[in-house]
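Peer 1: Sequence:
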Amino acid sequence: MAGTTGGAQVLVVQHEDGTGPGLVGEHLERTGLRLHTVHPWAGEMLPARLDGYAGLLVLGGAPNCEDDDRAPWLPQVRELIRQAVADHVPLLGICLGGQLMAVALGGSVAPRGRVPEVGAIPLRRLPAADRDAVFGAVPEGALAAQWHWDEITALPPDAVALLGGDDSRHQAFRVGGCGWGVQFHPEVLAAVMADWAGSDGPAVQAAGGDPQTAVDSVRAAERELRAVWGAMAEAWGGVVRRTRPSPA
2 MAGTTGGAQV LVVQHEDGTG PGLVGEHLER TGLRLHTVHP WAGEMLPARL DGYAGLLVLG
62 GAPNCEDDDR APWLPQVREL IRQAVADHVP LLGICLGGQL MAVALGGSVA PRGRVPEVGA
122 IPLRRLPAAD RDAVFGAVPE GALAAQWHWD EITALPPDAV ALLGGDDSRH QAFRVGGCGW
182 GVQFHPEVLA AVMADWAGSD GPAVQAAGGD PQTAVDSVRA AERELRAVWG AMAEAWGGVV
242 RRTRPSPA
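Quick note, the working numbering runs 1 ahead of the 1-based positions in the sequence shown.
The hints are simulated quantities; they were obtained by calculation from the structure and are not laboratory data.
Check the hints yourself; a few may be wrong.
[Claimed, not checked] Here are the in silico distance ranges between beta carbons for each label pair: (1) 142 <-> 209: 18 to 28 Å; (2) 178 <-> 204: 36 to 46 Å; (3) 140 <-> 33: 47 to 57 Å; (4) 89 <-> 200: 17 to 27 Å; (5) 246 <-> 38: 30 to 40 Å; (6) 178 <-> 155: 41 to 51 Å; (7) 246 <-> 220: 17 to 27 Å.
Yeah, the Cβ is synthetic: ideal placement off N, Cα and C, and Gly gets one too.
Construct all of the structure, not just a fragment, from the sequences and the given hints.
Peer 2: Here you go:
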């Protein structure tokens, strides 16, 4: 539970089985943070407030970010996102989590209407990344694991774009002083991607994609993915520790 002894604790929202914090979680724990993962899809209750938590990590998943009938916990997640931004609690939203950030804060998300973006895809640095505490060290052309049917179509007002892509435009952004969202999956390596290809691959293939090539591209890029996104996760962990230090 929040408030127990030990290092600062991050609330992690996991939307379904097989979509855990992965590589990002490993590196956050290396910075000394503790992760409290809640599984609302399995009946676990999300807290009403972020009191006692040093950060909020919202993971990816299959639901659309406004599909409240399919995932009835999403309104509470959107409220926690707004709380985090208002109260300066460090926030990181991944794929669905980033999309939830966008809509909760005044942006928009829509189905892609074309082949889903899957596999290891190169990203472009945007000028604001140079001064960013979390994405400042991400190199131009860094590969990122992708698997999404929806995409962010407009960032929230006053959001700062950090990384872009040639297919999905909005790949990473910052809101307020300590909130970040991404369209891609920095937590995912080849083993998880292969699981997704097993379950969602037929639909991707029917839509014109190539799930096996996507898995192969992530596997080939795994060393780079570990280095780049592990460092990014630790940078966000550093923000958490500086912004919301553990009680003495």
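Peer 1: May I ask which of the numbered hints given earlier this structure violates, with the numbers listed in increasing order?
Peer 2: 3, 4, 5, 6, 7
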